[in-house]
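*Asks:* Start counting the sequence shown at 13; every next residue gets the next number (this note's numbering).
Everything labelled a hint here was simulated from the structure, so no lab data went into it.
If you're wondering where the values come from, they're calculated on a predicted model, not measured in any experiment.
Some hints here could point you the wrong way.
Simulated crosslink set (EDC-like; lysine to aspartate or glutamate; CA at most 20 Å straight-line) [stated by the list, open to error]:
(1) K222 x E196
(2) K100 x E139
(3) K100 x E132
(4) K149 x E199
(5) K149 x E131
(6) K100 x E138
(7) K122 x E60
(8) K149 x E160
(9) K210 x E179
(10) K100 x D89
(11) K149 x D175
(12) K186 x D174
(13) K222 x E209
(14) K39 x E64
(15) K210 x E199
(16) K149 x E139
(17) K100 x E60
(18) K149 x D110
(19) K210 x D175
(20) K186 x E209
(21) K112 x D89
(22) K222 x E199
(23) K149 x E179
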Amino acid sequence: MDQEAKKYALNTQWSIEDSLDLYQVPKWGQGYFSINEAGHVVVRPYAEPDAEIDLLEVVQGLNARDLTAPVVVRFSDILRHRLGRLHKAFARAIEENDYKNRYCAVFPIKVNQQRLVVEEVYRYGEEYGFGLEAGSKPELLAVMAMTESSPDRMIVCNGFKDDSYIEAVILATKLGRTIIPVIENFEELALVLRHSEKYQVRPRIGVRVKLAS
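Go ahead and model the full structure; you've got the sequences and the hints to work with.
*Replies:* Shown next as structure tokens:
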């Protein structure tokens, strides 16, 4: 325990508010984590105080079933809620700024490659039309397998693109997938054009733009 924590612990008037302030829970918890009246850490999947899960009770439940650490506890409702917030934020900005085009979020699977997480992002993002981003050929193949039943979902391809990666992108386009390779140099563009001509495909092409004043 650090000196600040010891100082607080010696205070006989210690309160839940003191704990929240000491550990800065409101700042990192973003409404999804807090401390209840019993002093236990709680999870609020929808960032609402009337629906919360006591983590101590979760641990006690695991112990009762003879489950030992390490244990990963996931709260997929938080992920779903965050995706909804993201969609609403962009929808609001689009309306306020009279933006004439549309917005489509994509989840880069390199951020978290755990299958359960990627599948949940894909499933929960369906109602908003969210897509996935691949950063390599293996990631692209994984994403294509996951999106087989919904070819209209957008796939964005980033990262270093060699000949086989570009060819896979063009073949996926020929199969009817909504796939956009983000071109970062003329060599990649040349590969896209060559394989597009070879397979008689009209590709979609994305361009990375770095705005500067």
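*Asks:* Against this structure, judge whether each hint is valid.
*Replies:* Each hint tested on the structure:
no. : hint        : result
1   : K222 x E196 : holds (11 Å)
2   : K100 x E139 : holds (12 Å)
3   : K100 x E132 : holds (19 Å)
4   : K149 x E199 : holds (17 Å)
5   : K149 x E131 : holds (19 Å)
6   : K100 x E138 : holds (14 Å)
7   : K122 x E60  : violated (30 Å)
8   : K149 x E160 : holds (16 Å)
9   : K210 x E179 : holds (10 Å)
10  : K100 x D89  : holds (16 Å)
11  : K149 x D175 : holds (10 Å)
12  : K186 x D174 : holds (19 Å)
13  : K222 x E209 : violated (29 Å)
14  : K39 x E64   : holds (18 Å)
15  : K210 x E199 : holds (17 Å)
16  : K149 x E139 : violated (27 Å)
17  : K100 x E60  : holds (17 Å)
18  : K149 x D110 : violated (37 Å)
19  : K210 x D175 : holds (13 Å)
20  : K186 x E209 : holds (12 Å)
21  : K112 x D89  : violated (32 Å)
22  : K222 x E199 : holds (19 Å)
23  : K149 x E179 : holds (10 Å)
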